[in-house]
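S.K.: Just so you know, the protein sequences line up as chains A and B, in that order. If you read the first sequence in this note's numbering, its first letter stands for residue 19, the second for the next number, and so on. If you read the second sequence in this note's numbering, its first letter stands for residue 2, the second for the next number, and so on.
Since the hints were made in silico from the structure, they are not lab data. You may find that some hints are simply not true.
Coverage of chain B stretches by chain A, computed from C-beta distances (three or more under 8 Å per stretch; other residues unrestricted) [what the hints assert, rightly or not]:
#: 1; region: 92-103
#: 2; region: 109-115
#: 3; region: 147-159
#: 4; region: 180-194
The model shown is predicted, which means the values in this text are computed figures rather than measured ones. Even glycine gets a Cβ: it sits at the ideal position worked out from N, Cα and C.
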Amino acid sequence: MLKSITSKTNKIRMTTLAIAALLATGAQAASITGAGSSFVYPVLSKWSAAFHDKTGNEVNYQSIGSGGGIAQIKAATVDFGASDAPLKAEDLKHFGLGQFPSVVGGIVPIVHVAGVKPGQLRLTGNVLAEIYLGNIKTWNDPQIAQLNPGLALPATQITVVHRADGSGTSFNFTSYLSKVNKNWQSKVGFSTSPSWPAGIGGKGNDGVAAFVRQANNTIGYVEYAYALQNHLSYTQLQNASGNWLQPGADAFAAAAATADWKSAKDFNLIMTNAPGPQAWPITATTWIIMYKKPKNAANSKVAFDFFKWSLEQGQSQAEQLAYVPLPPALVAQIEAYWKSDFKN
Amino acid sequence: MTISPEPTSAASTAASPIGVRSVDVGSGRDARNDALFRRAMFACALLVLLALAGAAGATLWGGRQALGTFGWHFFTSTTWDVNAGQFGALVPIIGTLVTALIAILVAVPVSFGIAMFLTDVAPQWMRAPIGTAIELLAGIPSIIYGMWGFFVFVPIMSTYIQPWLIAHLGDGTDDAGKATGLGLSVFSGAPIGVGIFTAGIVLAVMIIPFISSVMREVFLTVPTRLKESAYALGSTRWEVLWDIVLPYTRTAVIGGVFLGLGRALGETMAVTFVIGNSHDLSASLMMPGTSIAATIANEFNEASGDLHRSALIALAFVLFLVTFVVLAIAKLMLRQLAKREGGK
Numbered sequence: 019m020l021k022s023i024t025s026k027t028n029k030i031r032m033t034t035l036a037i038a039a040l041l042a043t044g045a046q047a048a049s050i051t052g053a054g055s056s057f058v059y060p061v062l063s064k065w066s067a068a069f070h071d072k073t074g075n076e077v078n079y080q081s082i083g084s085g086g087g088i089a090q091i092k093a094a095t096v097d098f099g100a101s102d103a104p105l106k107a108e109d110l111k112h113f114g115l116g117q118f119p120s121v122v123g124g125i126v127p128i129v130h131v132a133g134v135k136p137g138q139l140r141l142t143g144n145v146l147a148e149i150y151l152g153n154i155k156t157w158n159d160p161q162i163a164q165l166n167p168g169l170a171l172p173a174t175q176i177t178v179v180h181r182a183d184g185s186g187t188s189f190n191f192t193s194y195l196s197k198v199n200k201n202w203q204s205k206v207g208f209s210t211s212p213s214w215p216a217g218i219g220g221k222g223n224d225g226v227a228a229f230v231r232q233a234n235n236t237i238g239y240v241e242y243a244y245a246l247q248n249h250l251s252y253t254q255l256q257n258a259s260g261n262w263l264q265p266g267a268d269a270f271a272a273a274a275a276t277a278d279w280k281s282a283k284d285f286n287l288i289m290t291n292a293p294g295p296q297a298w299p300i301t302a303t304t305w306i307i308m309y310k311k312p313k314n315a316a317n318s319k320v321a322f323d324f325f326k327w328s329l330e331q332g333q334s335q336a337e338q339l340a341y342v343p344l345p346p347a348l349v350a351q352i353e354a355y356w357k358s359d360f361k362n
Numbered sequence: 002m003t004i005s006p007e008p009t010s011a012a013s014t015a016a017s018p019i020g021v022r023s024v025d026v027g028s029g030r031d032a033r034n035d036a037l038f039r040r041a042m043f044a045c046a047l048l049v050l051l052a053l054a055g056a057a058g059a060t061l062w063g064g065r066q067a068l069g070t071f072g073w074h075f076f077t078s079t080t081w082d083v084n085a086g087q088f089g090a091l092v093p094i095i096g097t098l099v100t101a102l103i104a105i106l107v108a109v110p111v112s113f114g115i116a117m118f119l120t121d122v123a124p125q126w127m128r129a130p131i132g133t134a135i136e137l138l139a140g141i142p143s144i145i146y147g148m149w150g151f152f153v154f155v156p157i158m159s160t161y162i163q164p165w166l167i168a169h170l171g172d173g174t175d176d177a178g179k180a181t182g183l184g185l186s187v188f189s190g191a192p193i194g195v196g197i198f199t200a201g202i203v204l205a206v207m208i209i210p211f212i213s214s215v216m217r218e219v220f221l222t223v224p225t226r227l228k229e230s231a232y233a234l235g236s237t238r239w240e241v242l243w244d245i246v247l248p249y250t251r252t253a254v255i256g257g258v259f260l261g262l263g264r265a266l267g268e269t270m271a272v273t274f275v276i277g278n279s280h281d282l283s284a285s286l287m288m289p290g291t292s293i294a295a296t297i298a299n300e301f302n303e304a305s306g307d308l309h310r311s312a313l314i315a316l317a318f319v320l321f322l323v324t325f326v327v328l329a330i331a332k333l334m335l336r337q338l339a340k341r342e343g344g345k
C-alpha cells in the first residue's frame, strides 16, 4: 500500500519534470538589457512591453542617462546603449561599435508670460540665443516685440531656465543655438552640459517644466511631450528656410526627412536647423549603440529583432507618446547599415 | 538569567552553574571576558574611524585627477565649465556656507523660542503634543521639504517676500525710476523665487526641529530650584532664561546647533529643488547659486568624461573638509567658552 503510493508520486514527479523541461526548451525566452538616454525611455518601455507580449523576449532598459549608457556599452555590460549625442567616428572604430537612430522627437521653447497662450509667441533662433546669453533681459525688448506685433508683452525681467544635469536635450538645444548665433557658438558652444551664461537650472525635463509652470516671466526648453502634458506655452520658431512653424509631429517628421542622412557616416548627424521648408529647427533623435561583432550573439540577435520590429511596426506606439516615426527612407538606410556593418 | 556585577557574557554565565563556580576560576574568566568586551567596544569605535578615513580617502583618491590638474585653483576658481574642462569649486563652496549660515541665523533664535516656550511658558497640556509634533517634523524626509519648498514656498518668496526685500533693502525702483531701497547688493536682483536666500530659509525650516528638540531636552534638565530661586529674587522670564538656563546648558545647546549645522551643510535634495543650480557667483542672495551637494546630485549621472567625474568626487572631498573645518571651529569655540568660565 505504502509502496504503491510512493511509486505513484515518483511517477507524477517524473512527468512534471519532463513537461517542465519540454516547456523550457520550447519557449527559449531571452532577456536583453540596454541602458542610456532618458529621452527614449518612455517609448522604449512601451515597445519592450509590446515586444514581450508578442515574442516572450524581455528587453530591460535602464534610463541612466546618455553618458552612463555610453560607458556601459563600452564596458560591454549591456547589449545596447542609447545616447542623445552621436559617438564620434574614432570612438566607434576604437570600440568596434555601430550606431543608428531609433525615434525622432522635438524640443520646444516654453514660456510663462501673462497673456501669452501656447503657440502664440514667435521667436527666432537668434533672439532665443540672445535671451539665453542674457543680452535680452526683458520681455518687452524691441527684438522680441518686433517679431510679435499686436502681442502685449510686460516690461518684466526674463528668467532663463535651463537643465542643471547633463542632458541630450541641452545638447540639441545648444547645437541649434550654435548654428544660428555666432556669439553663442564662440562663447558657449554645444554640449550636454554647457556653461550657461545666465539663468537657473532644473533637474530633468520635468524639473524645467515645473519651474516654468510655477514662476512668471520664465523661459525654458523641454521635449514636446512635456510641454503638452504640463499645458505650457510653447513658442513658434522661424526655421532655416524662414518659415514660422508651430511644433508638432509633422514639423518634426519633416526635419527627420530633410536631414542629409545619406552622406552621414554611421548616422553621425545632428538634425537641428534642418533645411526643409516645414522642418522644426530643434528636432532630435536618440542613437542606439551596439557592437558590430556581438559579444553575445544570441542576445544581439534578439536586440536586432526588437529594433527591426520597433522601426517597422512600433512607430504607432511612438506617435501616441508624441514621438515621430522615422521616415521610411531612413528605416531602409538603417536596415541596409545593419546588413553591411554588423556581423550577425 | 542572573545579574552579575562584572560584565560577563551571557554564554559563560549560563555555562557555569552559580554556587559551583569557584571564586578563582570565576575572576579569571571575568578578567578574560572583560578584556574581550573592551576589545569589542574598541572595534566598534574603530569602525567609525575606519568608515570616516575610508570615505575621505576614497573621495580624495577619486578626485585625484581633478585636484592634480587644478591644484589650489580648484578651491579658488569660480569657473565651472564642463566643455572647456575647467573646474573650480569656489561657487559651490560659498553656496554651501552661505545657505548654512542663513539657516543657522534663522533657526537658532526660532528654536530657542520654541524650546523656551515648551519648557517654561506653555500650559502643561500643550507641552507633550507640541514636543511630539517637533520630533515628527525632524523625521520628515528631505525630499518632502524640497517639494514643499518648490511648490509652496518659492511662489510665496517670489510674490511677497523677495519683491518687498528688493524694494526696501535692494536696488528696487519706483515707476519713475527713482530708487526706493537702500541699494544693498545682497538684496538686489529679480524676484525669481529660487536662490541662495530661499535655500537658506528652507534649510532653516528643516533644522529647526533638530535644534529645538535638543534645546528642549536640555532646558528640562535645569533644576527647578535654580529657576525658582531666580524668580523669587524678582527675575523676569527672559532674565531666568538668559542668566540661569542658558549658562547651565550652554555646551549642550551649542552641540545641538552644530548638529543642525551639520545637516544644513550636507543637505542635498531640498537644496537642489530651490537653490537655482547655477554656477554663477553673485553678490545677491536673491540670485540662484549652487551648493556642493546639489552640484553632485545634478551632474553625477551624466558626468561627461573622467575629469568631470573626478571633479565631482573632489567636490565630495571638499564637503568633507568644509564640514570638518566647521566642526573644528565649533570645538575651539566651546573650549574658549569653557576657559572663560574658568577664569570668572
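S.K.: When the hints from earlier in the document are held up against this structure, which numbers fail?
M.R.: Violated hints: 1 and 2; rest satisfied.
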